[in-house]
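Engineer: Each chain, letter by letter, is given below.
6 protein chains.
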Amino acid sequence: MRKVEMEQTMNKKSSNAQFQPLDSGLVPRFAGLPTFMRLPIAKPDEVDIALVGVPFDGGTTNRTGARHGPREIRNQSSLVRRVHHVTGISPFDRIRCGDCGDAPINPLDLNASLDSIKRFFAEIHILRALAVKGPVGFIHFDAHSDTYDSFFGNRYNHGTPFRRAIEEDLLDPKRMIQIGIRGAISDASNYDFARDAGVRIVFIEEFTERGPQSVMAEARQLVGENPTYVSFDIDALDPSIAPGTGTPEIGGITTREAQALVRLLDGIDIIGADLVEVSPPLDPTGATALAGATLMFELLCVMVSA
Amino acid sequence: MRKVEMEQTMNKKSSNAQFQPLDSGLVPRFAGLPTFMRLPIAKPDEVDIALVGVPFDGGTTNRTGARHGPREIRNQSSLVRRVHHVTGISPFDRIRCGDCGDAPINPLDLNASLDSIKRFFAEIHILRALAVKGPVGFIHFDAHSDTYDSFFGNRYNHGTPFRRAIEEDLLDPKRMIQIGIRGAISDASNYDFARDAGVRIVFIEEFTERGPQSVMAEARQLVGENPTYVSFDIDALDPSIAPGTGTPEIGGITTREAQALVRLLDGIDIIGADLVEVSPPLDPTGATALAGATLMFELLCVMVSA
Amino acid sequence: MRKVEMEQTMNKKSSNAQFQPLDSGLVPRFAGLPTFMRLPIAKPDEVDIALVGVPFDGGTTNRTGARHGPREIRNQSSLVRRVHHVTGISPFDRIRCGDCGDAPINPLDLNASLDSIKRFFAEIHILRALAVKGPVGFIHFDAHSDTYDSFFGNRYNHGTPFRRAIEEDLLDPKRMIQIGIRGAISDASNYDFARDAGVRIVFIEEFTERGPQSVMAEARQLVGENPTYVSFDIDALDPSIAPGTGTPEIGGITTREAQALVRLLDGIDIIGADLVEVSPPLDPTGATALAGATLMFELLCVMVSA
Amino acid sequence: MRKVEMEQTMNKKSSNAQFQPLDSGLVPRFAGLPTFMRLPIAKPDEVDIALVGVPFDGGTTNRTGARHGPREIRNQSSLVRRVHHVTGISPFDRIRCGDCGDAPINPLDLNASLDSIKRFFAEIHILRALAVKGPVGFIHFDAHSDTYDSFFGNRYNHGTPFRRAIEEDLLDPKRMIQIGIRGAISDASNYDFARDAGVRIVFIEEFTERGPQSVMAEARQLVGENPTYVSFDIDALDPSIAPGTGTPEIGGITTREAQALVRLLDGIDIIGADLVEVSPPLDPTGATALAGATLMFELLCVMVSA
Amino acid sequence: MRKVEMEQTMNKKSSNAQFQPLDSGLVPRFAGLPTFMRLPIAKPDEVDIALVGVPFDGGTTNRTGARHGPREIRNQSSLVRRVHHVTGISPFDRIRCGDCGDAPINPLDLNASLDSIKRFFAEIHILRALAVKGPVGFIHFDAHSDTYDSFFGNRYNHGTPFRRAIEEDLLDPKRMIQIGIRGAISDASNYDFARDAGVRIVFIEEFTERGPQSVMAEARQLVGENPTYVSFDIDALDPSIAPGTGTPEIGGITTREAQALVRLLDGIDIIGADLVEVSPPLDPTGATALAGATLMFELLCVMVSA
Amino acid sequence: MRKVEMEQTMNKKSSNAQFQPLDSGLVPRFAGLPTFMRLPIAKPDEVDIALVGVPFDGGTTNRTGARHGPREIRNQSSLVRRVHHVTGISPFDRIRCGDCGDAPINPLDLNASLDSIKRFFAEIHILRALAVKGPVGFIHFDAHSDTYDSFFGNRYNHGTPFRRAIEEDLLDPKRMIQIGIRGAISDASNYDFARDAGVRIVFIEEFTERGPQSVMAEARQLVGENPTYVSFDIDALDPSIAPGTGTPEIGGITTREAQALVRLLDGIDIIGADLVEVSPPLDPTGATALAGATLMFELLCVMVSA
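Protein chains in written order, with the numbering used here: chain U, 683 to 988; chain P, 683 to 988; chain R, 683 to 988; chain A, 683 to 988; chain H, 683 to 988; chain S, 683 to 988.
Hints should not be assumed to be uniformly reliable.
A pair holds if it fits inside one copy or across any two, identical chains being indistinguishable in the list.
Said to hold, decoys possible - In silico SDA-like links for lysine to any residue, alpha-carbon gap of 25 Å or less:
1. K725 x Q700
2. K725 x T842
3. K725 x G714
4. K800 x Q702
5. K725 x A794
6. K800 x F834
7. K856 x E728
8. K800 x V709
9. K800 x D851
10. K725 x Q702
11. K725 x Y911
12. K800 x P817
13. K800 x L904
14. K856 x P817
15. K800 x N698
16. K725 x G835
17. K725 x G893
18. K800 x L704
19. K800 x D705
20. K856 x R711
21. K800 x T769
Hints listed in this document are in silico derivations from the structure and should not be mistaken for laboratory results.
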């Protein structure tokens, strides 16, 4: 399930002077309301990229808590600064970016929540409607393929979203790659479905062998120049880095690798991105949410540089 | 929602020699599988009182985690011993008691779970069918009245169970008392419903004033000699004692008071009891589950002494 | 040092319809930005009572962290509801109340911070200027008298504020009472100063003996009908309830007692109140901040009922 | 097993000017080596009362960790100050008191440890040898009677010390009282032994009924004017106050009660005292060790005032 | 000291249909008693590979807690699934595997425990007696060589087991390799003993240089085709991954490396394996036990594939 | 700001027999006062290398707590042993080394603290005065360049020390290298200043590319044979390893890399070294302080081997 969406919009007409983070040389990082990256609260049509929370974990079959993710990521994102140290990009100087609040959800009703989340994003989508001309490409960082068919007789849960998305023609499986996949599985059906559909799965073992440069070269070729969506599940990271998640798998990627991967998205036509599965009740030091917030900043920088 | 049910059955014919806790002078408390109170695994029809888990928190509108409660209560219940230090009762010498496992639930479907839980207990109920002749009395220790009508358009959630139970004639509101209730409320409708139905609500302020003896004298008179169900929500306790729960309210009862209250149930015809809302992800030291396990033992002792 | 100020203002002219907490039946408590009690962000001149944070711990000689207090109290205050269960008061129906943000501070400069905090509140004070006609009465719940002269050669720190306030004629020591004081002291000078100035100190031992009713009767007589300020240091509570504070002292008051004490402020002309010394890095479960948030609600209810 | 011993010696000849705690107005409480109460390191024959650690938990049948107790109590005792707020006693002005280090122990050998601990204290005992004329009186605050005969075939463990002490004529059971005892027991043999020997057991229920004044009046009469030893097991406190201990029992005494109890030892001829069973690995906030350190200060004050 | 033993037996005659883990699509992972990998409880002679706990830390000279390891590894092993994602092996389809409980131990007596543990495993050994024809080969993943002679005058403790095992002809030092060794040492005697005996020590620095492939090629050649025992001490892993252990050493192996190492055991005649030193009191998030449980699954898969 | 200084002095005349760590085969690691590495307390002029704490975090703009660092590093350093496993160096056999206590600081006054810290070290410096002939070389492991000009109008804080040190001619920027730098920045001014002054900055990305050997070869050439100071900020490490620090940055160096880096300091004329920014309130498992203590031992070994 999605938790933190970053939707890119097109209208960069107006100035971005008012869409700046709080100045940490004037207002300490522990002061003020914890918006995403200390940005102003904004309406979707005021900004180029909307930072949005989706506080929902309704489809979780085991350890819940990701519903609290957006709030804690906002909290930890107070540590995010302005200028990328490698590229020198300061995204807030290039575009208008703001915290557009949380999508409405119903904690007691999975289907009602999916509907209200969809409506919420549809409003944002209006702004970029022309860009949507069919199923999009998909670059997916995750420990899990999430292409099972069902659990407990339920077809919409945290193990099935991408199978549904492929079936519903939202994603183009031929332009879809999953990176960092690992861990024993309940049965092989999810990989079978994905592979049969044409999805490229890069297990952690292959990633370890080849490294970020080689894997991302393949990813970039796969998605090409057409619109692509990026999803980063925090459990792609090793549990030593990201213990605060519902389904940790040992042997994950490091943050150094994750940052390299995200930076290599540079140039891809990213129409949206999300960062999901941060579960604060399982994250006593806040380290998982801090990693999530920092990776959101990295994603923002590549989206802006495009 | 229920998490740990203790269902009393009638057939005390056979010996209880085989239904003894592990001997902690031979097997240390940290060894062995953590069954409730280190009792043997048993089938419902083998025992007089079945200890059962209901690992479900599907109706929770805010902080989840109680689904993990039965497992952690079992874990902490390894510290429970055999003989009550005040009454000298050793329940395991009087009845056959065992761990009958967990009720089946579906973490993705509230209604399916309620059905399967109901069927599970119906099987146990067969054993005591004659005792069920209508709505039962109800003694309820809780911070919350849990008699709201609905949340998020949903009528079956953690804020509504006793309103539903009254409406469905499971509980007799005239023989129902709620003790320890406190905390600001969303609106007054829940108390209004309860009072209109005839439920007796004892706020914590009244309890502080009168003490356990006086309040329980009233409770005993209220439920009389007919069958009565007892529910202990762990959030009746003060959050300093029981931080591991979804909806903590400051100003709660102490464990000394809770033990006094439970012991004063002595003599009532208790046909079942539960201990609910222990949420281990919010309970870093395990203290909440330990309090829950110890109160289960207190409940067991009064059920046995009846 | 102050951390969470609640300043009462006078102009109740306009409607309070827009100053309502988020409806928790529509927006779950874990969603949305964590403002105080889920109230709207407001400017001081829009509201009758401004909820304000002062994220500052610059004068702390030992364990810091209270600078993070306002943010975490806001976070935990999502659990606060609308209607007081004893009095039935719904403060948000009576007055306009909002989150007016944090006072500006300089984490590297104690004196600069005191100046900017003073200026910030002076703006709010304009609204109630007529009410300020001299030193105010003061009801103080705390483990510590905080009337030392200096530490480390410094006269403005977390052990000296009320000595300074008396010396500067901000507080009237004859109308000042300190409740819950306890713990060994470095030397007797602070109590000597306070007593010589006419301050009434109620040690926890006297409080235990007499109870809230008797002590507050004395407090009410002492401050009379003139303007009075209320300060609640979270370390007045027992460390089992409020571990997240810099200077815990065992043997403190319980939340049941604290709620009784605050409710007995009813009828006093409270011109302002604060709740201080919540230190989240020392508060792993958030229990201290939750107690603080709930006591803020209790304070709000008595201020509104006046 | 003993963890923190405070042995009183007789020779008060020399000045105590050099045996003062670090001045917290000059050296912050977080600075410097964490000796007990920030006192100087001393040799037993230099001081009147020696503060000594016994880092041993070798006889523990379930949850260990008390071996780390002395170090963490020293750490938390940095918060202890000089002057008792009720009696005005400043023990360090009356006697020479110092940190005399830890008794030698062998973590792999229970019997060798008991021997080396005994030898260590014998050296201190030389100083007060004349006072030892037979079995001493004993005032014992604890959740557990600790008078079992054996566990796992072993007669020297954390459940048996006082039975051994009675059998070995170290304690006079007729002048022995145990206060705060509670919790279910493995079997009734320990209480039977204690009662048969003449030990007075005050269950928590009796204590709740009578209060500190009445119980301690009885205790004082029981031990009379002859030499008496005091033992405070931290698990006498409620687990909400002292979670960091191996065998927590709900329904314990509060710190307010504990302080009242200790202060009522005033006038008794206390020849030694200990504070035991603080287990830091089970104490995430350090609250248990802080309670222990503060109660050591209370004990010190009554020993000095005698 | 051993904590989790996995003993392989030979009789694969009967079907393994009844030795399947709980189906996580029917019974959620948080439900049910936490047996190893959710397998059925079994007797040793019913299964091919017995999963056994040894809840013992009696020989620990510093930080204890590993006695709680088997229970918490069982708890975390609820997250283990059926099919290895790289090899496709589903061990439960190939062999009969079950949870055979805990070896009996005496927490107060090191020698008695070693005896009872030995007798317990001897019963299992009967099943594979023919395979035991002399000292076995030994592949050891650890931070510590554990070949000291004695501590505190004691020759059987957590720093000496493999010296004893070599002296007692249980292990063949010529067919013994230790991988991941690191950290300063008390003195060089342990390495000297090991090297003189012919043990191959691979320090972490050499491992970093050569990588898993090269090191395991050497290990495989060393042990050859004869029976070999595998021991994995969780402190071989880096403390960022496995903080929950008594003797952490920085600079350890990652789980990606650990998984590669274990998979390269493929083809070796593994007659038994253990996973030791998980200490839950030092493991607040359960990450260490989860790593341990997952590595047990990896070990199981290579044992099955042989 | 500095927290743990290790100052090397020159007079190795006398024996080091009395400057040995406690023998962990006689006194368990959990016993005794926690001095650095269990060394004796010493005066600066008695030792060759003084281990000193500087418990100060006065210049911190966000998350404080490093004032508690020296105490917790001392605590965790009880796990440090005598002999380096790679080089075989036992530093305590070569030089006299002791715990020389904490530098005096004033927690309420940044400037007074800087003065008293300076005076404290000047006394130590007397011993090596001849070695100080001008600005020293500087090898700096850190996530942050710490060369900003000011924050909150303050020029002496945790983001500016090395700019000040260059301006004051304490460091020679041409002989200065910063390794591991990363993370977004508030503005580019700090890097600009550093580069303009001639400082060599090695971003983590370059380090990842080249590895410890190559980077340290450059560092050694840069500082040459003249006196060099080494500073290790614990936030150079990845937050998964060192969560207990005020300004964590994902993507940091591992302890294996850190150990390789420090060992490659071998042969440099190190005149002093520090290990800073360990913040225990943010370090629930103590892992950060343990990493710090172990790296101090590594630093000590290279300083001794010079």
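Engineer: Does each hint hold? Answer for all of them.
Structural biologist: How the hints compare with the structure:
For the identical chains of this complex, K725 and Q700 are neighbours both inside a copy (13 Å) and across copies (19 Å), given an alpha-carbon limit of 25 Å. Within a single copy, K725 and T842 get their C-alpha atoms no closer than 31 Å, and across copies no closer than 36 Å, so neither meets the 25 Å cut-off. In the homo-oligomer, the alpha carbons of K725 and G714 lie at most 25 Å apart both inside one protomer (19 Å) and across protomers (14 Å), since each shortest distance falls under that limit. In the homo-oligomer, the alpha carbons of K800 and Q702 never lie at most 25 Å apart, since the shortest distance is 28 Å inside one protomer and 27 Å across protomers.
With identical chains, the CA atoms of K725 and A794 are at most 25 Å apart within one copy only, with a shortest distance of 23 Å there and 36 Å across copies. Both within a single protomer and between protomers do K800 and F834 lie at most 25 Å apart by alpha-carbon distance, with minima of 24 Å and 18 Å respectively. For the identical chains of this complex, K856 and E728 are neighbours neither inside a copy (35 Å) nor across copies (48 Å), given an alpha-carbon limit of 25 Å. In this homomeric assembly, K800 and V709 come within 25 Å of each other (Cα to Cα) only across copies, at 16 Å, whereas the closest approach inside a single copy is 36 Å.
In the homo-oligomer, the alpha carbons of K800 and D851 lie at most 25 Å apart inside one protomer (15 Å), although the nearest pairing across protomers, at 40 Å, exceeds that limit. In the homo-oligomer, the alpha carbons of K725 and Q702 lie at most 25 Å apart both inside one protomer (15 Å) and across protomers (21 Å), since each shortest distance falls under that limit. Taking the closest pair of Cα atoms, K725 and Y911 come within 25 Å of each other only inside a single copy of the chain (22 Å); across copies the shortest separation is 40 Å, beyond that limit. Taking the shortest alpha-carbon separations for K800 and P817, only the intra-copy value of 16 Å comes in at or below 25 Å, while the best inter-copy value is 44 Å.
Proximity of K800 to L904 under the C-alpha cut-off of 25 Å is found in neither arrangement, the shortest distances being 27 Å within a copy and 51 Å between copies. When the C-alpha separation of K856 and P817 is checked against a cutoff of 25 Å, the pair qualifies only within one copy, where the shortest distance is 10 Å, while the shortest distance between copies is 56 Å. Taking CA atoms no more than 25 Å apart as the test, K800 paired with N698 passes in neither setting, with 28 Å inside one copy and 33 Å between copies. In this homomeric assembly, K725 and G835 never come within 25 Å of each other (Cα to Cα): the closest approach is 39 Å inside a single copy and 27 Å across copies.
With identical chains, the CA atoms of K725 and G893 are never at most 25 Å apart, being 40 Å at best within one copy and 46 Å at best between copies. Taking the shortest Cα distances, K800 and L704 sit within 25 Å of each other only across copies (22 Å), while inside one copy they are farther apart (31 Å). When the C-alpha separation of K800 and D705 is checked against a cutoff of 25 Å, the pair qualifies only between copies, where the shortest distance is 22 Å, while the shortest distance within a copy is 34 Å. For a Cα distance limit of 25 Å, the shortest separation of K856 from R711 qualifies neither inside one copy, at 44 Å, nor across copies, at 33 Å.
In this homomeric assembly, K800 and T769 never come within 25 Å of each other (Cα to Cα): the closest approach is 34 Å inside a single copy and 39 Å across copies.
Checked against the numbered hints given earlier, this structure breaks hints 2, 4, 7, 13, 15, 16, 17, 20, 21; the rest are met.
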